[in-house]
Amino acid sequence: MSDFINDEKLETMLDEAEPTAEEIDRIIEKSLNKERLSLEETATLLQADKPEWIEKIFDGARRLKSKIYGDRVVLFAPLYIGNKCINDCEYCGFKASNQDVERNTLSEEQLRQQVKAMESQGQKRSILVYGEHPDYDADFIADTVETVYDTTEGNGEIRRVNINAAPLDVEGYKKLKDVGIGTYQIFQETYHHETYQQVHPSGPKSDFEWRLTGLDRAMEAGVDDVGIGALFGLYDWKYEVLGLLEHTIHLEDEFDVGPHTISFPRINDASGINIDDKYEVNDEEFKRLVAILRLAVPYTGMILTAREDPELRDEVMEFGVSQIDAGTRIEMEGYTHADEEQNLDKEQFEIGDTRSLEEVMYELVRDGYLPSFCTACYRLGRTGEHFMEFAIPGFIKRYCTPNAILTFKEYLEDYASQRIIDEGEKLIEEKLEEIEKEDIKTELIEKLERVEDGERDLYF
Amino acid sequence: MANATYIFKDKAKELIDEEEMKVWLSKKHGRRVEYVFKVGTEQFSPPTQLAEEGDYVLFSQGTTDEVEQELKELFGQFIK
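The listed protein sequences correspond, in order, to chains A and R. Those letters in the first sequence? Residues 1 to 460, by full-length UniProt numbering. Those letters in the second sequence? Residues 1 to 80, by full-length UniProt numbering.
Just chain A, with the same shape it has in the complex (with noise of 0.2 Å):
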């Protein structure tokens, strides 16, 4: 497999993109309908600037997301398992000249213990962060995930691991087929050559032929659940978002699946980092990227992280937001000993919403989001290329409600403040009202009663 983006191609589209008002909301109806967006078109609603035709975009996403995946928001934390990192990368609190920081990689208790701090909260669902190491190999990564999902405290387990590491080969990503991961993610961090050779000017990282193909040797491996993402305010934000796009449609071509989410953080403060703020992405742009994203892959999930401050967090997430972290803490050991403010010197980056899970959950509910910590998909076999199936047909709100409704139950039952419970068990009502197929319906509720009395782990 090799580099397959053009960036000639890309800069090309965007020049020649011409919008019109007819064009846009043709765009936006075969979003609508389902359709995934072609680059071409993708490029016209990036090139789309008058106020009225980024009004109509944001409309549009709005309308998508209500229609496939309604008020679902599905919750994560990540768990940095290891810091020591042998790339320089320049946006990076972690890379290898920085000095600075506090170098450490969890022990096995550690990482017990850690585990254990957040099943106490509630969490269900985790993304294990690595930085790239030798240290840091597929066995070592394997047997970190077995003891994540082999560590239980009380109801508490984490059903679903995630893994943000470094590319590997076949062989290693199969070690990690093995014991059960959920997705791979990798982040290009930048679609655009020259900036990635800028940005990434030693170590392994440095190569983007081998970062980009990823994911490919990932699904060759038989890994069919991966993540993309990339690094906002590297290079020109609208180029971004058609690298993104286009590395959509390669694993689409190529596998007959795509990448299960897409990430989108911005650039934040950290510790030792040198980049130019020439390409900034403001918050006025960054709405614009998320509800273009959010037009071109209706059926991707999307990420936005808690980089962002809980009130863009809110505005953004209308616009098809589908999965957020939540109670973040990205300092090694941060769920057991987190400082009162956050010291650069021990993480990867400032977050701007370091809420706590419970502050998060309560806002949710209360703005009629219903969170779900849901993970049936990948323990029913319905993953990879049966997945997309699922998606194409309005699936998502089908199956994914009455099981966002359980997993909310069950935090209900099991960690929640009475401010959340007075509200929770209202919203529970009314989701359950909305449900149309009475056969659903009626499971659920047999489920629900059994999740009162004890039961766990119940999906459809």
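Calculated directly from the structure, the hints in this document are not laboratory data. C-beta atoms are modelled at their ideal positions from N, C-alpha and C, and glycine is treated no differently. Be a bit skeptical, because a hint or two may be false.
What the hints assert, rightly or not - In the BS3-like style, the derived pairs of lysine-lysine whose C-alpha atoms are separated by at most 30 Å in a straight line are:
(1) A:K175 <-> R:K27
(2) R:K80 <-> A:K437
(3) A:K441 <-> R:K72
(4) R:K27 <-> A:K116
(5) R:K80 <-> A:K174
(6) R:K28 <-> A:K116
(7) R:K9 <-> A:K174
(8) A:K447 <-> R:K80
(9) A:K175 <-> R:K80
(10) R:K9 <-> A:K175
(11) R:K80 <-> A:K84
Said to hold, decoys possible - DEER-style ranges, computed between Cβ atoms:
(12) A:D309 <-> R:D65: 55 to 61 Å
(13) A:G368 <-> R:Q69: 53 to 59 Å
(14) R:D65 <-> A:P204: 36 to 42 Å
(15) R:Q43 <-> A:E430: 23 to 29 Å
(16) R:E20 <-> A:D49: 48 to 54 Å
(17) R:Q43 <-> A:E29: 26 to 32 Å
(18) R:Q43 <-> A:E22: 56 to 62 Å
Chain R: place on chain A using the hints.
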């Protein structure tokens, strides 16, 4: 196992009404239960776990008792 999987898929296809039923075979990898193949059409109803043996799990939707019995026997042969 690859040939056996193809044979299983073809025979399962013959057993079911592809418009009204759906059957899918999955394989366990740790906690993850991953898709191997499916035949039939999504019914948007709660799945039934028909059989489990070793790492393999068979799910269905919309299947009759008679078909389920035949699928279980087929699954048994596949696992051997």
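Checked hints:
no., hint, result
1, A:K175 <-> R:K27, "holds (15 Å)"
2, R:K80 <-> A:K437, "violated (39 Å)"
3, A:K441 <-> R:K72, "holds (28 Å)"
4, R:K27 <-> A:K116, "holds (28 Å)"
5, R:K80 <-> A:K174, "holds (25 Å)"
6, R:K28 <-> A:K116, "holds (25 Å)"
7, R:K9 <-> A:K174, "holds (24 Å)"
8, A:K447 <-> R:K80, "violated (35 Å)"
9, A:K175 <-> R:K80, "holds (25 Å)"
10, R:K9 <-> A:K175, "holds (27 Å)"
11, R:K80 <-> A:K84, "violated (47 Å)"
12, A:D309 <-> R:D65: 55 to 61 Å, "holds (56 Å)"
13, A:G368 <-> R:Q69: 53 to 59 Å, "violated (46 Å)"
14, R:D65 <-> A:P204: 36 to 42 Å, "violated (56 Å)"
15, R:Q43 <-> A:E430: 23 to 29 Å, "holds (27 Å)"
16, R:E20 <-> A:D49: 48 to 54 Å, "holds (51 Å)"
17, R:Q43 <-> A:E29: 26 to 32 Å, "holds (29 Å)"
18, R:Q43 <-> A:E22: 56 to 62 Å, "violated (40 Å)"
Checked against the numbered hints given earlier, this structure breaks hints 2, 8, 11, 13, 14 and 18; the rest are met.
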